[in-house]
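Engineer: One letter stands for each residue in the lines below.
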Amino acid sequence: MLKQNRAELDYQDLVRKARRLQPGVGQKLKIALLADVSTQHLVPVLRALFASNGIDAHIYEAGFDTVQLEAFNPASGLYSFEPQLVVILQSVTKLRGLYCESGDRAGFSRAQVDAIEGVWQAIQSHLAVPIIQSTFVIPYERAHGHFGAKVPGTLPGAISEINRDLCERAQRHASVFICDIDYVAAWAGRRHFFDERLWALAKSMCSLELLPDVAQSIVDIAMASLGRGIKCVVLDLDNTLWGGVIGDDGLDGIGLGDLDEGGAFRFFQLFLRSLWERGILLTVCSKNTESTARRVFQEHPAMVLREEHIAMFVANWEDKATNIRRIREKLNIGFDSMVFLDDNPFERNLVRQLVPEILVPDLPEDPGLYVRAVCELNLFESAGASALDSQRTAMYQTAEKRESEKQHFGDLNSYLQSLGTVAELRRFEPPGLSRIAQLIQRSNQFNLTTRRYSQSQCEALMNDASCHPFSITVRDRFGDFGLIAVIVLKHPAQTLEIDTFLMSCRVLQRGVEQHAMNHIVEYARANNFTTVAGRYIPSAKNSMVKEFFAQFGFERGADEGAAGTEWRLDVSTYVAREVFINLETKP
Amino acid sequence: MTHEEAHQRLTAVFRDIFDNPSLEIADSTTADDIDDWDSVNHITLIAAVESEFKIKLSTRDVKNLANVGDFLKLIESKAA
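Those protein sequences? They're chains A and B, same order as listed.
Position one of the first sequence corresponds to residue 1 (the numbering used here), numbered consecutively onward.
Position one of the second sequence corresponds to residue 1 (the numbering used here), numbered consecutively onward.
There could be a bad hint or two in this list.
[What the hints assert, rightly or not] Result set (BS3-like, lysine-lysine): computed pairs, CA atoms no more than 27 angstroms apart in a straight line:
| no. | chain 1 | residue 1 | chain 2 | residue 2 |
| --- | --- | --- | --- | --- |
| 1 | B | K78 | A | K17 |
| 2 | A | K203 | B | K78 |
| 3 | A | K330 | A | K490 |
| 4 | A | K541 | A | K490 |
| 5 | B | K63 | A | K203 |
[Stated by the list, open to error] Under 7 angstroms between C-beta atoms, here's a sample of chain A residues computed to sit facing chain B:
| no. | residue |
| --- | --- |
| 6 | R19 |
| 7 | R197 |
| 8 | L201 |
| 9 | A202 |
By construction, these hints were calculated from the structure, which means they are not laboratory data.
Virtual Cβ for every residue (Gly too), placed ideally from N, Cα, C.
Put together the whole structure using the sequences plus the hints.
Structural biologist: The structure is reproduced here in structure tokens:
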């Protein structure tokens, strides 16, 4: 992605830069370029732009118009180069002639797309690498003028059809990425994109001025396919999400809505909302009193963004660099996957100085141009879309809410009380068995014995009257944790044995384990056991529970090496632990 | 614009494109005289000349450019 603005896309500057590139600097990436246009002018620009992203691009240029030849010949240069990425650039210029001579206009688009898909399949049968396929720029000439839009069988119509079909086919190929050159051309204007003279002289797909835009698109897609990309937007509030300063102007005074500048901020928020929908985490970093700032999200009728869209809300009077570090830590992502958007040049520079890894683009003075500025940088290229994307915010958000409540309550107990935790204990039952087996397979850290029972073994335990196997499900007022703990008690003789005790680390320190132990002792008493025996079997990952039984008054037995340590509890001495959990025990 | 001035500015363009700060060009200089003056750099050169002198060359103009002298003649006839 671009770092600042389009000025980075000056063709002559990039050619100069390419000349001065040090070989071997950056991560090596082997790229094969197949095209029915010439690529000589594109290659240096590509190398320079890849270098700006820390990539040392090694580029194989196939001969002019040899896309099929390279793809279908197993002995071609394409395959002996062993690329990590294949780029296919195709121009509408070739299609003009083909369309004119085509005897089957109705089937033309389909035949073209079939041919292209054939190339993908040929490449895929040799290489398991991403393929970037360009769209075609819709030509500007129109035999019918505007009327052509409703005439079947025109060239522009056929090209639109090809583009649409190409994108649809690409959906069936996870490794095929579309590079929408038609969008690039439309953004710049087709009359600027096409350069008939340069086509005549050098078979260049577009003007030299716009070649860097094509190259940058390829770089963006390549980086996204490597897993690089923006995952989180850090947003200022005053004069970034609304006009004016909420602390001074108040709810009625800030600019947001249909009037004047208010529309600009709404437009920006609408765009941010679409990013949220696609799984980008939106966070707030603002110099404000938190309650004042939150009130806008809660009460202002024109706000598009609400608290539910904000994964982390940081509003205080500390410096923004510190706050951004805090956000990064909480979300546990890299600075290089974060972008900071703030109207204030002072804040931008401060963050650039103190957190050099984070991306801080300039925002124009006119808020009406915020969306344009951000789109021009194509910050949000992505390599996949998932229906779960928009749920991610909720996940982080509930974690953040719990965390921030923790800060509000000095006393841990009153915090725990405020969570309104509800725990449900249930003897194993058919609907939960697969989740139980899954948790048994996966839990490593909080797992006393690491006995990996399969689902059918869990079912056997369920039906065994001499066993008391149960699970715990937890929820609180912020969200649902689901089934997070599994405990298996066995009673072959006079002693109640804790065969298995495991828990997801997500619910540590909330009293769930104490709650479980209270239940175990209660069960022991109800069934006339005088002793409960636990065991800690050391594994590579469970040292955190080495002393688990000690806190409940169990007495340590001898160290039996790999078999672990037995711990014994005299039931009569046990005092129920105080927990702040509402019980729903149905064993 | 004098012939001298055009020559100076064109020299600067050539030095930039061919990455050689001491490059000297004369009317008779052709692609054979400059190592990197290939068909690819020729296009880059044309674009740089156009933007330096704010002129637009046609396909035919470009085809007929054999040496530096031709460049200067074109520039002088087109530049205001």
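Engineer: Determine for every hint whether it applies to the structure shown.
Structural biologist: Comparing the hints with the structure gives:
For the hint pairing K78 of chain B with K17 of chain A, the CA-to-CA distance comes to about 31 angstroms; that exceeds 27 angstroms, so the pair is violated. Straight-line distance between C-alpha atoms of K203 of chain A and K78 of chain B comes to about 25 angstroms, which keeps the hinted pair within the 27 angstroms bound. Under the criterion of a C-alpha separation no larger than 27 angstroms, the hint pairing K330 of chain A with K490 of chain A is inconsistent with the structure, at around 40 angstroms. For the hint pairing K541 of chain A with K490 of chain A, the CA-to-CA distance comes to about 25 angstroms; that is within 27 angstroms, so the pair holds.
Of the supplied pair hints, the one linking K63 of chain B and K203 of chain A holds, its CA atoms being roughly 14 angstroms apart against a limit of 27 angstroms. For R19 of chain A, the interface hint holds, the least distance from its beta-carbon to any beta-carbon of chain B being 6 angstroms, beneath 7 angstroms. Annotation: interface hint on R197 of chain A holds; nearest CB of chain B at approximately 5 angstroms, less than 7 angstroms. Interface restraint check: L201 of chain A against chain B, minimum CB-CB distance 6 angstroms, threshold 7 angstroms, status holds.
Nearest Cβ of chain B to the Cβ of A202 of chain A: about 5 angstroms, under the 7 angstroms cut. The hint holds.
Consistency note: the structure conflicts with the earlier hints numbered 1 and 3.
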